Amino acid sequence: MAPAGVASGLRPGAWRFWALLPLLLLVGVVALFASTGNSLLDLVGRAPPAVDRFDIRRVEFVPGEIRIRVTNPQRPKLTIAAVTVDDAVVPFELDGPAELGRLRSSTIVVPFQWVEDDPYTVGVTSSSGIQTSFDVPAAVEARGASPKGFLGYALIGLLVGVVPVALGLGWLPSLRNAGSRWIAAFMALTAGLLSFLALDALAEALDLQAGLPSGFQGPGLILLGVAASYLGLTFVAQRFSAAGGRERGAPLEGVALATLVAVGIGLHNLGEGLAIGSSIALGELALGTFLIVGFMVHNVTEGLGIAAPMADGARVGLARLAALAVVAGAPAIVGAWVGGFITSDVLGVLFFALAIGAALQVVVEVGRYVARRAPGGLRSGHVIGGYLAGIVVMYVTGLLVA
Amino acid sequence: MPKDRPTRRQLLTAAAAAGAGVPLAKLALGDSSHAATPPPHLHAAGMDMSAPTHAAMVGHETPAPGGPHHLDALLYPPAPLPHQPGRVREYTLAASDRRIEVAKGVFYSAWTYNGTAPGPVIRATEGDLLRVKFLNGGSHPHTIHFHGIHPTNMDGVFEIVEPGDSFTYEFPARPYGMQLYHCHSTPLKKHIAKGLYGAFIIDPPKPRPAAQELVMVLSGFDTDGDGENNFYGVNGPAFYYAKYPIRVRRSQTVRIYLANLTEFDPINSFHLHGDFFRYYPTGSSDHFEYTDTVMLCQGQRGIIEIDFANTGRFMFHAHQSEFTELGWMGFFEVED
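Protein sequence lines correspond, in order, to chains A and B. Counting from 1, position 158 in the first sequence corresponds to residue 158 in the numbering used here; the numbering is continuous, with no gaps. Counting from 1, position 68 in the second sequence corresponds to residue 68 in the numbering used here; the numbering is continuous, with no gaps.
Same shape as in the complex, but just chain B (with noise of 0.2 Å):
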């Protein structure tokens, strides 16, 4: 291991004063700037919640770490750019060890982008050329190999960064669609389930039309190291979007950019409540599938597209029970 190796905090403070197009204070330094709205009280959806009874894993009371609007940063992605063939996209993203709240109370060892997993949210429109530059902070050889065309010295598998390194990646952003992005070092299982993946969106050169836009990263977390994931979320820590609703309008479609990164386990899956929604395998093109359950095995991702007929609380998980309640749920606020 360098010895002039520096330190974690030089390195995120360094990306942060780099990153281009990346909310990287915002994830580093926490995020404080936002007022903290209490989440709707439960009496208010007519569920008594005096007493924990066995199905009570639906707002307040439910154990998920961290504040309301920490995970705001990799939920709602950069907005989209027009198509402008040739200009350059920007980002930094640094690699670090890091221990991080995976489930109330229970903290794992994480490797991590900019001190999350799943990382940040890369954005570009097709034609752009994005150019990533990564530091590895972290205490092992790591890369970020990202989905879509490009050369094969772009591709992370062969330029491994040795700890202290660093190494730009540069090459045109296509096709569009929903990518993703994670790192290729060996043992690779241990890489990606370490936290090492995140979203990739490149637009296409006809904007999609204006909608509420989320991300969502499905992932699961071995935190005892036996080769089965102990928890499961949505961009990240266990139950979160059950304490914490997602508030969307009923008004404009709601679009979310949908990619499985869970290791250990074959397949993930999505389901909606109370209604449908059109799913575009992978984002590539126009055909979708009018339905309400997707399954996706590990690195398959697609576009959902959501115009929601009613308002109140609906649910979304992973029709897999076992992952459900273990912590891959949530809910949709949607109103007026």
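Bound-form chain A, shown alone (with noise of 0.2 Å):
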């Protein structure tokens, strides 16, 4: 072997070393820098002190009790000292740690006799004086993880996601008789509705983010979330295509290509139950039947993408269609549960940014299929008309629910 480069001369077994060597190297430049303390820092300015702020994640009125859920933002400790309730210093009992390190939470607990529908400003104040305040539009008790809001949950998924699916796959009979071009029409439709979710779960997400500490890097955790799903659904889509004996790189198409879409909403369902569990469990949503109506009129369109890349293939079993439905639906109710029960955004950005990955994967895979297979192609009005009706559909069922 010609020798070059760089590594000409090492011996086998020494690029070890030479791996190695830069990170030993920053440990060292590293150790250098700390031992003069700030004095560096010194020389451009001071650092100005800590806004000792708390972020106050949940508030919940429960019988008899106020609970706060602060988390620590900030890279200095902070300690939780004194709390009120509509300007008043309260007793509370903490369950957890005084002094939060960064990004740690602790639950306060105060005994309080509220009022039902009342307003509430709660104030966390840390040992420097400094208090945060949190403001409660109306106090509304708090329901616990319990057997029956468990099954509660459960139905309100069920009724925003899997129904309104199984009742759309019950477009497949006619979509079957349609001709090609109204196939192609359709299939553009599941994917201008697909487009839409995604850009409405980026949406969601940046929303969300907004409001975390800054510890947790929410712009980096869409990114995350995002780049997973799309690279994990494309694999699953080669696995298909490959399981299927078909050439490399192939389309999918029919089942496949439909089990690709159901998975891609039930992502989406994910975020949306949660979405509707924890603005439920935190008292933010008028739970009306207006509002579920709206979801399931909204999410029948999904079930119609999801029947679109069948129309053209072999018959499909009663059984295989539930399995559709479920996947594409069950998720909501999953997600409905850890919002009413958790309510944790950082999971609930991270769900989003999964659903924006796997709406944007399924959105390509549709597309190939229509390039492919569709007459006239990407360009053809039936396409170009289905994809807008898609958004359309979404945007006219979305008043529903806005």
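The hints are simulated quantities; they were obtained by calculation from the structure and are not laboratory data. Treat the hints with care, as some may be off.
Simulated DEER-style distance windows between Cβ atoms [as the list claims (entries may be wrong)]:
no.	chain 1	residue 1	chain 2	residue 2	range
1	A	R46	B	P266	32 to 40 Å
2	B	P82	A	V51	39 to 47 Å
3	B	E333	A	T36	55 to 63 Å
4	B	L188	A	L25	54 to 62 Å
A short list of chain A residues far from chain B (calculated; beta carbon distances all over 10 Å) [stated by the list, open to error]:
no.	residue
5	P12
6	L20
7	G37
8	R67
9	R75
10	T79
11	G96
12	A138
13	S180
14	L202
15	V236
16	G294
17	S344
What you are looking at is a predicted structure, and each value in this text was computed from that prediction instead of being measured. For glycine and all other residues, C-beta sits at the position ideal for the given N, C-alpha and C.
Once you've looked at the hints, go ahead and assemble the two chains, each given alone in its own frame, into the complex.
Structural data, given as structure tokens:
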């Protein structure tokens, strides 16, 4: 072998040393810098004092008690010293430490006879005297994790997730009678509505991450979720394709494509269920019949999206259809449970990010299918019209839940 | 900022040595001379404190900083001296920046006279020549502005004392009554809110009847700098006298020298439970009102005299409920 480059002089195995060397040097430089204390930084100015504000994650009202979940969003430690409710100092107990390290949380339990539906302002004061306030527009009793609540969230998830998707799949027989141009139009419609869902999930994710402490690095978390789900589904699609005995790189079709669409929609419904669940738990969402109906109408179109890829393939059994409905709809139940009982904005951001990546991947997969199979390809009027129709359908039915 | 400025500790030590009439050593070193007497247990008062409830800001469970007797130097004024015109009364006040605990676990970067907010009680008899040596050990220019009758060059408005400098205020103490003092450097609001104020009692030539004398300076602390007080208290920390009720005897009149130095809020008030009192506005005449509630704007003060009809635990607090629940409340433990 001809010696070349800097590695030319290395003995076998010496690469390990050279690979570690930059790390060792880094450790040395860091230690040297740390040993100077702040004297180097003092040359350019002084660090401002910490803001000492808490991040109040959740305020829950249970009979005779107010529970306040606080997190320390900053690097320096933060100590819970005093708690006020409506500008009155109140006795409290802590379910966790009073001194919080970075991103650590505690729950403050305040014995309090609160008034249903009244607004409250809760304040947490740090040992440095800085008060963080949290406004509750109306006190509503929080339901803990009870079998009843578990069932309730499951029913809501079922109603807004599984049922509409199953109903939408009912369009399959009529789709089978449609001509290939119309099938292409419906496939494009699927892509349109998934594009809408992707953007919708992106907006939700960006919105949620803005409220996270900077330590969680919301944008990075979103990118991680999007990349993981997009590449994960790409990998799965590849496997489906290989299992179907098709040529390498051929677009998916039929049940395989429908399954991929169902997975994408399922991930979106996971985030949607989480949003609904946490809104209900925090008393922010007036859970009316209208809203549930709205979500049902909105999500029926998702069933149509799953049905479209199967319109020109082999017959599909009822069991397979039911499984697709569960894949696409049941995550709404899981999401509602998580949102209702845990309410983690970090999980919320991650769920929505996963939904974005999945939806985008499915749009790409559907696009490849349409480009190859549809008469006239991606530029046909049916495809363009179908895609736009998908967005319009989501937009119009979205008005019901906005 | 002068480099040769003495440290806070040096100043306090010097002040302690120089102080003729101020129990400064006690203030600077903390009050450890008193045996800690535990407050009467709450069950004795018929209250079940096994679980904290909504209205539990009473007795031992109350979150208040400090231990018993920590505020005694501010609560109990020095004894009055008989009328003797021309007698010199000397005090030494040293300003210092200090982090003080204004509510349980909450620390505030205060500006103090002799380490506490409010500062020490200054007392003289009408006709005494008052000589107050002021050392500015703080990081900002300060003064002492006394209420009362004195020459313009002793008013604490024009003679700004720079950090590290000192100034001696000298004037005859008059008129008799409950006066007060505070810093008059600008920005005025900041210098008062930070804690530079205190009680200044001038006794009448004809001594007042013997009584159990107390001083109460009302103030608030804006710990997060938003222009609103986060905590209120009497003689400093929030809820202190709720945790450590003030013990008084029913047999003798209780006389309270009351002053309001609350910044940001236009008024403060004093309300007594279960009894009435005589209120002498500014304490400068024999005129009084018989009431159980008085209202004071900032700088307003007076003398309260209570002859308790009953024994037991009686609450006193601001009759602004918000102030009450942010720390301005306490109890008298009236005993036979």
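Regarding the assertion that A/G96 does not contact chain B, is the least Cβ-Cβ distance greater than 10 Å?
16 Å, holds
32 to 40 Å as the expected CB spacing between B/P266 and A/R46, which holds or is violated
37 Å, holds
Are all C-beta atoms of chain B more than 10 Å from that of A/R75?
Holds, since 20 Å exceeds 10 Å.
A cut-off of 10 Å on Cβ-Cβ distance, and A/V236 was said to be off the interface with chain B. Does that hold?
Non-interface label on A/V236 holds, nearest chain B Cβ at 52 Å vs cutoff 10 Å.
Are all C-beta atoms of chain B more than 10 Å from that of A/L20?
Check passes; 47 Å lies beyond 10 Å.
Pairwise beta carbon distance, B/L188 to A/L25, judged against the given window 54 to 62 Å:
58 Å Cβ-Cβ, so the 54 to 62 Å window holds.
Could you say whether the range 39 to 47 Å given as a hint is met by the Cβ separation of B/P82 and A/V51?
56 Å, violated
Distal placement of A/L202 relative to chain B, Cβ over 10 Å:
36 Å, holds
Quick one: work out the minimum CB distance from A/T79 to chain B and report holds if it exceeds 10 Å, violated otherwise.
At roughly 7 Å from the nearest Cβ of chain B, A/T79 sits no farther out than 10 Å, so the non-interface label is violated.
Report holds if the minimum CB distance from A/R67 to chain B is greater than 10 Å, and violated otherwise.
Given that every Cβ of chain B is farther than 10 Å from that of A/R67, nearest at about 15 Å, it holds.
If we take the beta carbon of A/G294, is the closest beta carbon in chain B still more than 10 Å away?
41 Å, holds
Distance restraint hint 55 to 63 Å, applied to the beta-carbon atoms of B/E333 and A/T36:
58 Å, holds
Of the numbered hints stated above, those contradicted by the structure are hints 2 and 10, listed in ascending order.
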